[in-house]
Amino acid sequence: MQGSKGVRNMDDNLIIRGIEFESRLWVGTGKYKDFNETKMAIEASGADVVTVAVRRVNIIDRKSENLLDYIDPGKYKILPNTAGCYTVEDALRYARLAREAGISDLIKLEVIGDEKTLFPDTWGLLQATEILAKEGFIVLPYTNDDPIMAKRLADAGAAAIMPLGAPIGSGLGIRNPYNLKIILETVKLPIVVDAGVGTASDAAIAMELGCDAVLINTAIAGAKDPIAMAEAMKHAVIAGRLAYKAGRIPKKLYATASSPIEGML
Amino acid sequence: MKLIVNGEFFETSNAGTITDLLNELSIDPGQVAVEVNLSIIRKSDHSTFRLHEGDKVEIVNFVGGG
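Just so you know, the protein sequences line up as chains A and B, in that order.
Quick note, the first sequence lines up with residues -15 to 249 if you use this note's numbering.
Quick note, the second sequence lines up with residues 264 to 329 if you use this note's numbering.
Hints may contain errors.
Straight-line Cα separation of at most 30 Å, DSS-like style, residue types lysine-lysine; simulated pairs [stated by the list, open to error]:
| hint | chain 1 | residue 1 | chain 2 | residue 2 |
| --- | --- | --- | --- | --- |
| 1 | B | 306 | A | 23 |
| 2 | B | 306 | A | 118 |
| 3 | A | 172 | A | 59 |
| 4 | B | 306 | A | 61 |
| 5 | A | 59 | B | 306 |
Examples of chain B residues toward chain A, derived with CB under 7 Å [to be verified]:
| hint | residue |
| --- | --- |
| 6 | 293 |
| 7 | 299 |
| 8 | 317 |
| 9 | 328 |
Worth flagging that the hints you see were computed from the coordinates, not collected in a lab.
Idealized CB from N, CA, C, for every residue including glycine.
Generate coordinates for the entire structure from the input sequences, incorporating the hints supplied.
Now the structure itself:
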């Protein structure tokens, strides 16, 4: 297969460290109106991976519902994140708590460097990746669209690389497709675009570039109709993946006629 | 016994172990992780790990996130 990186099976399912993913669209569970809307959007998206955050249980109001009452961990792969962590120590703490609370070694590792941009602190990210990989975690680091850092994270033991398309929640789309292409060429790990997607065409672009999956939260949860947008994203990711595999035509400045000259009057 | 649970002062009536505390708070142990004084206490140790006056207990679970 074109661009094969030895991580795909015959059915074109994505496999990371032996875990097979049926969907190349991954979805977040934040910012929804309620758990029911979360559930309906996830179902419409066709995703089998959902990200979650780790937070204190509300011990005052024990009647509050639990996210996992709506999202069956038997049906979906739960991918906990370390969102909100600004230091290596905090990221390690949240990752370890996530593993204890959950059922797998998967962690979407975030070490955030700045509140305004939510850009990753890649220096801290690299250290945390190395430590958690040694502890047996399947580390999926959220990083910049920086090919050198992507390579370093791979060398540090990351199981996949999750470069941003644009700042989290910004909806600016894939701002640097050329860097993503370089990452795809130089890093022999699955590449999952994380953050920045605003609408369906952005997801399609990421997949057309050859990325292995796309993680989307705000673009779905923040849409006027999240369930419809979830379905749009599903189709966009499938279309983008098919287009990538099909192999697009080269771009040219001038026209080439589609109808023959021969036989004209 | 006075504990600090999730940042709040909590006076427990009969919590000697983590299992007792989770029961008192009506928390399903299956979906949470528990930390005492910054050390994670595995689920298998909940019933035997004894809490002490002033312990800082954190009980976390999964919430919506991206």
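Results of checking the hints against the structure:
1. B/306 to A/23: holds, 28 Å
2. B/306 to A/118: Holds, at roughly 22 Å.
3. A/172 to A/59: holds, 29 Å
4. B/306 to A/61: holds, 21 Å
5. A/59 to B/306: This hinted pair holds, its Cα atoms lying about 23 Å apart.
6. 293: Nearest chain A Cβ about 9 Å off; hint violated.
7. 299: Because about 12 Å separates residue 299 of chain B from the closest Cβ in chain A, which is outside the 7 Å limit, the hint is violated.
8. 317: Interface hint status for residue 317 of chain B: violated (17 Å vs cutoff 7 Å).
9. 328: holds, 3 Å
Hints 6, 7, 8, counting from the list given before, are not met by this structure.
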